[in-house]
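Taken in sequence, the protein lines are chains A and B.
Residue numbering for the first sequence follows this note's numbering, starting at 1 and increasing by one per position.
Residue numbering for the second sequence follows this note's numbering, starting at 1001 and increasing by one per position.
These are computed hints drawn from the structure, not numbers from a lab.
Just so we're clear, the structure is a prediction, and the values are computed from it rather than from any experiment.
For every residue, glycine included, the Cβ atom is placed at its ideal position computed from N, Cα and C.
Where hints are given, some of them may not hold.
Claimed, not checked - Stretch-level coverage of chain B by chain A, calculated; a stretch enters the list once three of its residues show a Cβ under 8 Å from a Cβ in chain A:
(1) 1177 to 1186
(2) 1194 to 1204
(3) 1242 to 1256
Said to hold, decoys possible - Below, a list of computed lysine-lysine pairs in the DSS-like style, where the Cα atoms sit at most 27 Å apart:
(4) B:K1025 <-> B:K1222
(5) A:K283 <-> B:K1092
(6) B:K1092 <-> B:K1283
(7) A:K284 <-> B:K1222
(8) B:K1231 <-> B:K1258
(9) A:K25 <-> A:K118
(10) A:K92 <-> B:K1283
(11) A:K67 <-> A:K25
(12) B:K1134 <-> B:K1025
(13) A:K284 <-> B:K1284
(14) B:K1222 <-> B:K1003
(15) A:K25 <-> A:K11
(16) A:K100 <-> A:K134
(17) A:K92 <-> B:K1284
(18) A:K284 <-> B:K1134
(19) A:K145 <-> B:K1284
(20) B:K1134 <-> B:K1092
(21) B:K1092 <-> B:K1231
(22) B:K1092 <-> B:K1003
(23) A:K145 <-> A:K222
(24) A:K134 <-> B:K1284
(25) A:K118 <-> A:K11
(26) A:K134 <-> A:K92
(27) A:K67 <-> A:K141
This is what each chain is made of:
There are 2 protein chains.
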Amino acid sequence: MGKPMALNLLKSSFPLVVYNRTKSKIEALAEAGAEVAESPAEVARKADVIITMVNDSSDVEEVVLGKKGVAEGAREGSVLIDMSSISPVVSKRIAEQLRKQGVQMLDAPVSGGEQGAKDATLAIMVGGEDSIYKECLPILKAMGKSVVLIGSNGAGQIAKLANQVIAALNIEALGEAFTLATKAGIDPQLLFEAIRGGLAGSNIMNSKIPLILDRNFEPGFKLALHQKDLKNALETARELNVPLPLTSLVQQMLIRLKGAGKGDLDNSVIVNFVEELANVEIKKTPTTKSQG
Amino acid sequence: MGKPMALNLLKSSFPLVVYNRTKSKIEALAEAGAEVAESPAEVARKADVIITMVNDSSDVEEVVLGKKGVAEGAREGSVLIDMSSISPVVSKRIAEQLRKQGVQMLDAPVSGGEQGAKDATLAIMVGGEDSIYKECLPILKAMGKSVVLIGSNGAGQIAKLANQVIAALNIEALGEAFTLATKAGIDPQLLFEAIRGGLAGSNIMNSKIPLILDRNFEPGFKLALHQKDLKNALETARELNVPLPLTSLVQQMLIRLKGAGKGDLDNSVIVNFVEELANVEIKKTPTTKSQG
Chain A
1 MGKPMALNLL
11 KSSFPLVVYN
21 RTKSKIEALA
31 EAGAEVAESP
41 AEVARKADVI
51 ITMVNDSSDV
61 EEVVLGKKGV
71 AEGAREGSVL
81 IDMSSISPVV
91 SKRIAEQLRK
101 QGVQMLDAPV
111 SGGEQGAKDA
121 TLAIMVGGED
131 SIYKECLPIL
141 KAMGKSVVLI
151 GSNGAGQIAK
161 LANQVIAALN
171 IEALGEAFTL
181 ATKAGIDPQL
191 LFEAIRGGLA
201 GSNIMNSKIP
211 LILDRNFEPG
221 FKLALHQKDL
231 KNALETAREL
241 NVPLPLTSLV
251 QQMLIRLKGA
261 GKGDLDNSVI
271 VNFVEELANV
281 EIKKTPTTKS
291 QG
Chain B
1001 MGKPMALNLL
1011 KSSFPLVVYN
1021 RTKSKIEALA
1031 EAGAEVAESP
1041 AEVARKADVI
1051 ITMVNDSSDV
1061 EEVVLGKKGV
1071 AEGAREGSVL
1081 IDMSSISPVV
1091 SKRIAEQLRK
1101 QGVQMLDAPV
1111 SGGEQGAKDA
1121 TLAIMVGGED
1131 SIYKECLPIL
1141 KAMGKSVVLI
1151 GSNGAGQIAK
1161 LANQVIAALN
1171 IEALGEAFTL
1181 ATKAGIDPQL
1191 LFEAIRGGLA
1201 GSNIMNSKIP
1211 LILDRNFEPG
1221 FKLALHQKDL
1231 KNALETAREL
1241 NVPLPLTSLV
1251 QQMLIRLKGA
1261 GKGDLDNSVI
1271 VNFVEELANV
1281 EIKKTPTTKS
1291 QG
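Work out the full structure, taking the sequences as your base and the hints as a guide.
What follows is the structure in structure tokens.
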């Protein structure tokens, strides 16, 4: 996700210093005019606003607070925008740590996937101080279509977790409904056409069902990353004394699917869980006819 | 639902004979030009196409196969369109019974609620023979916007159950996600604005969240009827050896909510289950500010 987002910043004429552990991943950015740094600390020394986009809480901790990390190089008055999807608790803790050295932080996780990153149509959910948010808005707008300040530090991460809970449960809902119908002998393509315009219709249904019917589980958004998001949601919910019965059950399904070697497939592969239990596949039938 | 649907048939100039156990409920139809019958059998004697719209499987069995029911009056060559949402198994059995006396049947349950019935924008999912479907299409089009033949007898009911499984699970997904965010101190209105345009967005979210934020649980579509639909879905799934873990869990929640006297409220009250466990309400905060 980081590369297409960085390319959009360059397109909007923001001067850029970039770093990645794997240098080959930023070659395209160097060619497009970005300066290449040797460490997160060097990026931070050279920039007013530092953006991080990595996998999980521990990665952000390392790249920000670790050796040669952002905190080592960041000047007083600079801002860190962490656009990774991580634990709100960890995000808040890092923000507090940075504040001690005069560095402000926004958490700004995104939704919209690889395609949204390329098209600069990401939904960006922001946590942090209003004044910092306003300062950074032009930068965020260069990468996303919808940018919303949700609340103070960590609030962007909370919103992202809520988003991921809904997405996972909506996919599993499709799995149960379409598996039932397919096992009953219904053409799932006809079911899709019959219900997509009604109350059951959703962005998940419109984007995932055509791929599921083609048995195309190329990511997209990897199941393993969605599993990580639900883990963070359940940990956050536990600390808040909020029981999440369905999220907890779907998390178990994701653990099973990841264990079965499907972690690198698209998260729509969640439907496999019930498909396998019912011994049926939701797929196009050769006789499918489209109807108005 | 029956009354507004019948009014739309009259508007499209279909001559109508109507029956209801409670006569006051069809006064408006009589005034609009419908002939009032004294029994389902009398309706059947006078009509080429008979439409039933009642609550559950046992009601359809009674009105069709019971004393002075449709089967007693129906002429050979006539068609019964059952638009109730009932068990696919029962629907198929009634179709077989009627076929013996030369009466054809379509199951044609609808989605779209009271408002869709009034506006003639219902989604109608049809099961039955292609030729009968084509004969009845003008009648169905007078009541709905999307009419799709899904398969043979019972297939319309299966599609409706799939629709209801997705709807129920999507509402509970909102319940878990918005309860978590609200308990974390997030304004749920801002969360809604931040995520509705992304992958988590859905027709359920757009139609239910504004009402939930206003704590308005007036139906709409009653929780008790949704509970009945999930019961039918789980029974059908059991006969097909399809386990539905989330549907089963949500059904338990609906049983609890119905037991707590909420059966006549809108099905969006499903969010109450997790709200109560977490001791928080998803509602507008006085300080809510809308953002772009």
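Results of checking the hints against the structure:
With a cut-off of 8 Å between beta carbons, the segment 1177 to 1186 of chain B has 9 residues touching chain A; three or more are needed, and the interface restraint holds. Look at the segment 1194 to 1204 of chain B against chain A: 10 of its residues bring a Cβ nearer than 8 Å to a Cβ of that chain, three or more, so the hint holds. Remark: the segment 1242 to 1256 of chain B is confirmed as covered by chain A, as 9 of its residues place a Cβ nearer than 8 Å to a Cβ of that chain, reaching the required three. Distance check on the hinted pair: B:K1025 and B:K1222 sit about 19 Å apart at the alpha-carbon level, within 27 Å; holds.
Proposed proximity of A:K283 and B:K1092 is supported: the alpha carbons are some 25 Å apart, at most 27 Å. For the given pair, B:K1092 sits about 44 Å from B:K1283 by alpha-carbon distance, which is inconsistent with the 27 Å threshold. With a C-alpha separation of about 34 Å, the suggested pair A:K284 and B:K1222 falls outside the 27 Å cut-off, and the hint is violated. Between B:K1231 and B:K1258 the alpha-carbon distance is near 13 Å, which keeps this suggested pair within the 27 Å criterion.
Between A:K25 and A:K118 the CA atoms are separated by roughly 15 Å; this keeps the pair inside 27 Å, and the hint holds. The suggested pairing of A:K92 with B:K1283 holds, with an alpha-carbon distance near 25 Å, which does not exceed 27 Å. Distance restraint check for A:K67 and A:K25: the Cα-Cα separation of roughly 21 Å lies within the 27 Å cut-off, and the hinted pair is therefore satisfied. The hinted pair formed by B:K1134 and B:K1025 fails the criterion: a straight-line CA distance of about 31 Å is larger than 27 Å.
A threshold of 27 Å between alpha carbons decides the hint, and for A:K284 with B:K1284 the separation of about 43 Å lies outside it, so the pair is violated. At most 27 Å may separate the alpha-carbon atoms for a hinted pair to count; B:K1222 and B:K1003 meet this at roughly 17 Å. About 18 Å separates the Cα atoms of A:K25 and A:K11, which keeps this hinted pair within 27 Å; it holds. The straight-line distance between the Cα atoms of A:K100 and A:K134 is roughly 22 Å, inside the 27 Å bound, and the hint therefore holds.
With a C-alpha separation of about 25 Å, the suggested pair A:K92 and B:K1284 falls inside the 27 Å cut-off, and the hint holds. Between A:K284 and B:K1134 the alpha-carbon distance is near 24 Å, which keeps this suggested pair within the 27 Å criterion. Restraint check: the Cα-Cα separation between A:K145 and B:K1284 comes to about 25 Å, which is no more than 27 Å; the hinted pair holds. As the CA atoms of B:K1134 and B:K1092 are separated by approximately 19 Å, the hinted pair is consistent with the 27 Å bound.
Proposed proximity of B:K1092 and B:K1231 is supported: the alpha carbons are some 17 Å apart, at most 27 Å. Using a Cα cut-off of 27 Å, the hinted pair B:K1092 and B:K1003 holds, with the two alpha carbons roughly 26 Å apart. Of the pairs offered as hints, the one joining A:K145 and A:K222 holds, with about 22 Å between alpha carbons and a cut-off of 27 Å not exceeded. Using a Cα cut-off of 27 Å, the hinted pair A:K134 and B:K1284 holds, with the two alpha carbons roughly 24 Å apart.
Our distance criterion of 27 Å between C-alpha atoms is met by A:K118 and A:K11, whose separation comes to about 11 Å. Proposed proximity of A:K134 and A:K92 is supported: the alpha carbons are some 19 Å apart, at most 27 Å. About 31 Å separates the Cα atoms of A:K67 and A:K141, which puts this hinted pair outside 27 Å; it is violated.
Hints 6, 7, 12, 13 and 27, counting from the list given before, are not met by this structure.
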